[in-house]
Amino acid sequence: MPVRTMHSPDPPQLDAATLLIPNRRDEIDRAQARLLSALERHGYNDSARFAVRLALEEALSNAFNHGHKNLPDHVPVRLEFSVGCGEVSLSIEDQGPGFQPEKVPDPTLDENLELPTGRGLLLIRAYMTRVEFSPRGNAVRMVYQPPGQVV
Amino acid sequence: MPTSGSRLRVKREGDITQVEFVDRNILDEANIQQIGDEISDIIEADAGPKLLISFSNVDHLSSAALGTLITINNKVKNKGGKLRLANIDPQIYEVFKITKLDKLFQIHDSTERAMASFR
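Line by line, the protein sequences give chains U and W. Residue numbers for the first sequence follow this note's numbering, so the first one is 1 and each next one is one higher. Residue numbers for the second sequence follow this note's numbering, so the first one is 1 and each next one is one higher.
The following block holds chain U by itself, in its conformation from the complex (with noise of 0.2 Å):
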């Protein structure tokens, strides 16, 4: 006999969005917030949100504030993500010229230490499980997996 009953709930498909957002606070909210009830319905618990909504709240800030410092707030950021069991994926693209990663001072060093900025590349990697970014340094790809199914 089927396990399921007629009232069990689909498993859920793989939740996947492209989306264009402007240097807009209610766009960002917007967009976290789609995010977020991906994962709510994948049943990710509070701490997988917390981490990924920190993660995308600080690349999405670094792709505005330097990647488009010279660029109007109307230009779109593209975020890519998908959310499956087990693993989220973000691409999160900017239309600046770029960065170099490693170039990025230690913030955790003593004599960084009270600069007020540099945090955020710290906190995605610490929180995502890989972390690369394009040749060029203009777009970041993120993966999260919980703990435990780490591959």
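Among the hints, erroneous ones may be present.
Distance condition first, Cα-Cα at most 25 Å in a straight line; then the derived BS3-like pairs of lysine-lysine [stated by the list, open to error]: (1) W:Lys97 / W:Lys75; (2) U:Lys103 / W:Lys75; (3) W:Lys97 / U:Lys103; (4) W:Lys97 / W:Lys82.
If you want the footprint, here are the derived chain W segments under chain U, 3+ residues with CB under 8 Å [claimed, not checked]: (5) 7-21; (6) 26-32; (7) 35-44; (8) 52-63.
For the record, the hints were derived by calculation from the structure and aren't laboratory data. Quick reminder that beta carbons are idealized off the backbone N, C-alpha and C, glycines included.
Starting from the structure of chain U, add chain W where the hints point.
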């Protein structure tokens, strides 16, 4: 109670100013800027400010918020004052640990302990 449009709840107890955030999420850079400005006004108004910032309502914060806290810390130090942080949720405390800012700030697990540390 916050005054109209304020992002803070401010309470004065003796010579200590206690500050709480109105927002559960300290992510929006415009709000973070406003928080920084409001707390800077409090620091400026005091000769040797004793400031306690409580995170009891806060679920999320970003590196921009951390940057503002560092600026606040520097301003308090420059005026010969004292800054304490308290009631930080374990998930957010982890952010302080990752960034090693738990070494820079004096963090207490309750308002009472933070208040006692000023004495």
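*Taking 8 Å as the C-beta cutoff, is the stated coverage of the segment 26-32 of chain W by chain U satisfied by three or more residues?*
holds (count 4)
_Just to be careful, I want the Cα atoms of Lys103 of chain U and Lys75 of chain W compared with a cutoff of 25 Å; is the pair within it?_
Distance ~29 Å between Lys103 of chain U and Lys75 of chain W Cα, so the pair is violated.
*Counting residues of the segment 52-63 of chain W whose CB is closer than 8 Å to a CB in chain U, do you get three or more?*
holds (count 3)
*asked:* Run the distance test for Lys97 of chain W versus Lys103 of chain U: straight-line Cα separation, threshold 25 Å.
replied: Since the Cα atoms of Lys97 of chain W and Lys103 of chain U sit roughly 23 Å apart, the hinted pair holds (cutoff 25 Å).
*Are there three or more residues in the segment 35-44 of chain W whose C-beta lies within less than 8 Å of some C-beta in chain U?*
With 0 residues close enough to chain U, the hint is violated.
_25 Å limit on alpha-carbon distance, applied to hinted pair Lys97 of chain W and Lys75 of chain W_ = Judged against 25 Å, a Cα distance of about 22 Å means the pair holds.
*Mind checking the alpha carbons of Lys97 of chain W and Lys82 of chain W for me, to see if they're no more than 25 Å apart?*
holds (21 Å)
_Within 8 Å of chain U (C-beta), three or more residues of the segment 7-21 of chain W_ = violated (count 0)
In summary, the numbered hints that this structure violates are 2, 5 and 7.
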